Amino acid sequence: MAKLFRRPRTYVIAGLLCALPFVVAVFLATTRIPPPPGQGGAFLSAVLSNGALYPAAAMALVMPVFLPVSVAVLAGDSVAGEASQGTLRYLLIRPVGRTRLLVAKLVALIVFVLFAIGAVLLTSFLTGITMFGGEPAAGVAIPADVTSLSGVTITPFGLVLRLLATVVYIVISMLSVAAIALFLSTLTDSGLGAAMGALAVLVTSQVLVTLDAAAAIRPYLPTRYWLAWIDFFRDPMLLRDVERGAGIQLVFLVVLLGAAWANFMTRDITN
Amino acid sequence: MQPSTVVSGQAWRRWVVVIVIVGVLCSVPIVLGLRPAPAATTADPATLRARMAASAGLAFQGYAQSSGLLPLPSLPNLTEITRPLSSRTEMRVWYADRDSWRVDVIDGATERDTYQYRGSQFIWDFGDTRLTQVIGEQPVRLPRPADLVPPDLVRRLLSLAAGDRAEPITGKRVAGIDAAGLRLRPVSPDTTIDHVDVWADPSSGLPVQAEVTAKGGERPVFTSRFLSVEMTRPDAKTITPPSLDDVQVTDAPDLLSQISARRRGGQLPATLGGEQRNTEVAGLTSAGTYGDGLAQFVVLRLPGRFGNEAYDRIATYGADVHLDGGHGAVLATGLLTILAVRAERIYLVAGFVQPAVLRRVAADLGRLER
Numbered sequence: 001m002a003k004l005f006r007r008p009r010t011y012v013i014a015g016l017l018c019a020l021p022f023v024v025a026v027f028l029a030t031t032r033i034p035p036p037p038g039q040g041g042a043f044l045s046a047v048l049s050n051g052a053l054y055p056a057a058a059m060a061l062v063m064p065v066f067l068p069v070s071v072a073v074l075a076g077d078s079v080a081g082e083a084s085q086g087t088l089r090y091l092l093i094r095p096v097g098r099t100r101l102l103v104a105k106l107v108a109l110i111v112f113v114l115f116a117i118g119a120v121l122l123t124s125f126l127t128g129i130t131m132f133g134g135e136p137a138a139g140v141a142i143p144a145d146v147t148s149l150s151g152v153t154i155t156p157f158g159l160v161l162r163l164l165a166t167v168v169y170i171v172i173s174m175l176s177v178a179a180i181a182l183f184l185s186t187l188t189d190s191g192l193g194a195a196m197g198a199l200a201v202l203v204t205s206q207v208l209v210t211l212d213a214a215a216a217i218r219p220y221l222p223t224r225y226w227l228a229w230i231d232f233f234r235d236p237m238l239l240r241d242v243e244r245g246a247g248i249q250l251v252f253l254v255v256l257l258g259a260a261w262a263n264f265m266t267r268d269i270t271n
Numbered sequence: 001m002q003p004s005t006v007v008s009g010q011a012w013r014r015w016v017v018v019i020v021i022v023g024v025l026c027s028v029p030i031v032l033g034l035r036p037a038p039a040a041t042t043a044d045p046a047t048l049r050a051r052m053a054a055s056a057g058l059a060f061q062g063y064a065q066s067s068g069l070l071p072l073p074s075l076p077n078l079t080e081i082t083r084p085l086s087s088r089t090e091m092r093v094w095y096a097d098r099d100s101w102r103v104d105v106i107d108g109a110t111e112r113d114t115y116q117y118r119g120s121q122f123i124w125d126f127g128d129t130r131l132t133q134v135i136g137e138q139p140v141r142l143p144r145p146a147d148l149v150p151p152d153l154v155r156r157l158l159s160l161a162a163g164d165r166a167e168p169i170t171g172k173r174v175a176g177i178d179a180a181g182l183r184l185r186p187v188s189p190d191t192t193i194d195h196v197d198v199w200a201d202p203s204s205g206l207p208v209q210a211e212v213t214a215k216g217g218e219r220p221v222f223t224s225r226f227l228s229v230e231m232t233r234p235d236a237k238t239i240t241p242p243s244l245d246d247v248q249v250t251d252a253p254d255l256l257s258q259i260s261a262r263r264r265g266g267q268l269p270a271t272l273g274g275e276q277r278n279t280e281v282a283g284l285t286s287a288g289t290y291g292d293g294l295a296q297f298v299v300l301r302l303p304g305r306f307g308n309e310a311y312d313r314i315a316t317y318g319a320d321v322h323l324d325g326g327h328g329a330v331l332a333t334g335l336l337t338i339l340a341v342r343a344e345r346i347y348l349v350a351g352f353v354q355p356a357v358l359r360r361v362a363a364d365l366g367r368l369e370r
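Those protein sequences? They're chains A and B, same order as listed. Each residue of the first sequence is one higher than the last, beginning at 1 in our numbering. Each residue of the second sequence is one higher than the last, beginning at 1 in our numbering.
Rather than coming from a laboratory, the hints here were simulated on the basis of the structure. One or more of the hints may lead you astray.
Pairs of lysine to any residue, SDA-like flavour, derived with a Cα cap of 25 Å [unchecked claim]:
1) B:K237 with A:R240
2) B:K172 with A:A165
3) B:K172 with B:E218
4) B:K215 with A:A213
5) B:K215 with A:D212
6) B:K172 with A:A215
7) B:K237 with A:L106
8) B:K172 with A:R244
9) B:K172 with A:A213
10) B:K172 with A:A216
11) B:K237 with A:T147
12) B:K237 with A:A165
The following residues of chain A were derived to be distant from chain B, with all beta-carbon distances above 10 Å [claimed, not checked]:
13) R7
14) Y11
15) V69
16) Q85
17) G118
18) I129
19) L149
20) S150
21) T153
22) V160
23) S190
24) V203
25) T204
26) V207
Predicted, not measured: the structure shown is a model, and the values here were computed from it. Backbone N, C-alpha and C fix where the C-beta goes; we use that ideal spot for every residue, glycine too.
If we strip away everything but chain A, and leave its shape as in the complex, we get (with noise of 0.2 Å):
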């Protein structure tokens, strides 16, 4: 973990994350044109009226591409990348267990992804608050309440709540990304390939999910619910797709890194 943190590519990776809801609130603050109702990110609409509300917003447009390509790069090179560069096998005979290993890498990437949401739900607090305004009250250096997706108000210390479930949501949302790029990490010396594996299995649950024709598995794909944090800013929560989006990840999770263990304790290690 503390080499996490050591290599530049982290900060790099998680200066890409925010760089995008920047570069977004820069166009809609200076045209203050917003997307139709119902189309383009996710509360970008409601933003130029709040930006209390942009670190959502700056959720929903890092989510369905950026955060997930990070992590299946990240993922992808965990077990591959050592592999490549010879220093697995110096890794192995410390001793550390393999089963232990993964599990580090694991917790590794988790600890990524809370780091690289963090650092987005703060910059783009700062950057709507300071683009959008926040409709402060009078003499109170807090943001006021925003609009729910129902209507109902929420206050600020709702908003913080329900910005932390999302943060847990969208950390189960990035297993399943986590979980197949390490298994493909286990198979392959080359981290590139697990990283292009993991997003050819993303995208074609992506393409599968809009396709009426396979309604059968949509609810078992695991990009179906990414997108159910969303339903933490409705009145009364809805948390419908919440459970079945973690039950189903927990499900890859479970399947894919019983995998990664079972080729990589009895792999080769050729480097």
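Put chain B on the given structure of chain A with help from the hints.
Frame of chain A; chain B shown alone:
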């Protein structure tokens, strides 16, 4: 062939563990889906029908989904009607009684909520960030998503099919309820509906699923069902509309109420396509329903600025109809048939009726406008 070693044996055992886990996890939804509904979920058709029809007083809350497979183009000014028939609609429902309920239509990162509250209707649209209060009585209105919630939809279908035969069908488990089913078969040869299947909780009569199958079709083209439902009364807070400073007030929330308020033009003819006009609504001259039961159709007379785009869209996708006093086009989707006639004004006619019926209507409208 390589000899078996201790290492390869361990590898096999690990893969077997993984495969067993995959097998167990994959079999869970299959086993749950194959559970048969208990045999007790059959009920006397007349009793079940009466219970469903009398279920308006039952409180419930749940999550419903409707799914339409009709190949309908989007009609300008009328997308609220066409969209549910050709796509999936997700709804959250809280129903206390006829005068206190709320239906949220959820679509990705937006939602549109309708409240019935203290004699008024409130509509919250997150996309437009607008709360609208509809005041006064609405003698006529266009269909709204709340009409697709299974109990409301089934009661409406039962009312329309009052003269049609009902027969029992196999029960099924819907949203955790062992529901009893009925099949309604329309007697009229003019309708495109082959049968309507409805299921309800046999003890309370709360309808939980409806399926409409067109003539010649093998599977339903329109379905509405609960994915989860509880027969409990919702909190008063939940069915109270949000209190916002900026509330738009209107007495004409949709196109039909807007044009009916204008009261221009004479009354629609008493007979169209050989079918009698149904009960008149006082003051409403630009819309009417004709025919009986599930073979009813609706006629709307629209000013050109409201109807021209819809006519063009129907003419693009439909078949031309030759008229003496204008132009016409019929769009048949298998279940819903739509006729558009452009003369001095635009007529839109729609119903679950055979295209031949609407061609007769087109001929009458052409003569009327000549």
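Results for each hint:
For a cut-off of 25 Å, the pair hint linking K237 (chain B) to R240 (chain A) stands: about 21 Å separates their Cα positions. With a C-alpha separation of about 36 Å, the suggested pair K172 (chain B) and A165 (chain A) falls outside the 25 Å cut-off, and the hint is violated. The hinted pair formed by K172 (chain B) and E218 (chain B) meets the criterion: a straight-line CA distance of about 19 Å does not exceed 25 Å. With a C-alpha separation of about 22 Å, the suggested pair K215 (chain B) and A213 (chain A) falls inside the 25 Å cut-off, and the hint holds.
Pair hint K215 (chain B) plus D212 (chain A) holds up; C-alpha atoms about 23 Å apart against a cutoff of 25 Å. The suggested pairing of K172 (chain B) with A215 (chain A) holds, with an alpha-carbon distance near 20 Å, which does not exceed 25 Å. A hinted pair counts as satisfied when its Cα atoms are at most 25 Å apart, and K237 (chain B) with L106 (chain A) does not qualify at roughly 43 Å. As the CA atoms of K172 (chain B) and R244 (chain A) are separated by approximately 23 Å, the hinted pair is consistent with the 25 Å bound.
Taking the CA atoms of K172 (chain B) and A213 (chain A), the gap is near 24 Å; set against the 25 Å cutoff, the hint holds. Between the alpha carbons of K172 (chain B) and A216 (chain A) the distance comes to roughly 18 Å, so the proposed pair stays at or under 25 Å and holds. For the hint linking K237 (chain B) to T147 (chain A), the alpha-carbon distance of about 17 Å falls within 25 Å, and the restraint holds. Between K237 (chain B) and A165 (chain A) the CA atoms are separated by roughly 23 Å; this keeps the pair inside 25 Å, and the hint holds.
Look at R7 (chain A): its CB is around 31 Å from the nearest CB on chain B, clear of 10 Å, so calling it non-interface holds up. Residue placement check: Y11 (chain A) keeps its beta carbon more than 10 Å from all beta carbons of chain B (closest about 30 Å). With a least beta-carbon separation of about 21 Å from chain B, V69 (chain A) lies farther than 10 Å from that chain, consistent with its non-interface assignment. Listed as a non-interface residue, Q85 (chain A) keeps its Cβ farther than 10 Å from every Cβ of chain B; the least gap is roughly 25 Å.
Remark: the non-interface label on G118 (chain A) is consistent with the geometry, its nearest Cβ contact in chain B lying 22 Å away (cut-off 10 Å). No Cβ of chain B comes within 10 Å of the Cβ of I129 (chain A); the nearest lies about 19 Å off, and the non-interface call holds. A Cβ of chain B approaches the Cβ of L149 (chain A) within 10 Å, the least distance being about 5 Å, so the stated non-interface status is violated. Against the 10 Å criterion, S150 (chain A) falls within the reach of chain B, whose nearest CB is about 6 Å from its own CB.
Not every Cβ of chain B is farther than 10 Å from the Cβ of T153 (chain A); the closest lies at roughly 7 Å, contradicting the non-interface assignment. The non-interface label for V160 (chain A) is consistent with chain B: the shortest C-beta to C-beta separation is roughly 20 Å, beyond 10 Å. Interface exclusion of S190 (chain A) from chain B stands, the closest Cβ pair being 22 Å apart, more than 10 Å. Non-interface call for V203 (chain A) relative to chain B: holds, since the shortest CB-CB distance, roughly 20 Å, exceeds 10 Å.
For T204 (chain A), the non-interface assignment is confirmed: its Cβ lies about 18 Å from the closest Cβ of chain B, beyond the 10 Å cut-off. Interface exclusion of V207 (chain A) from chain B stands, the closest Cβ pair being 17 Å apart, more than 10 Å.
The structure fails to meet hints 2, 7, 19, 20, 21 from the earlier list, while all remaining hints are met.
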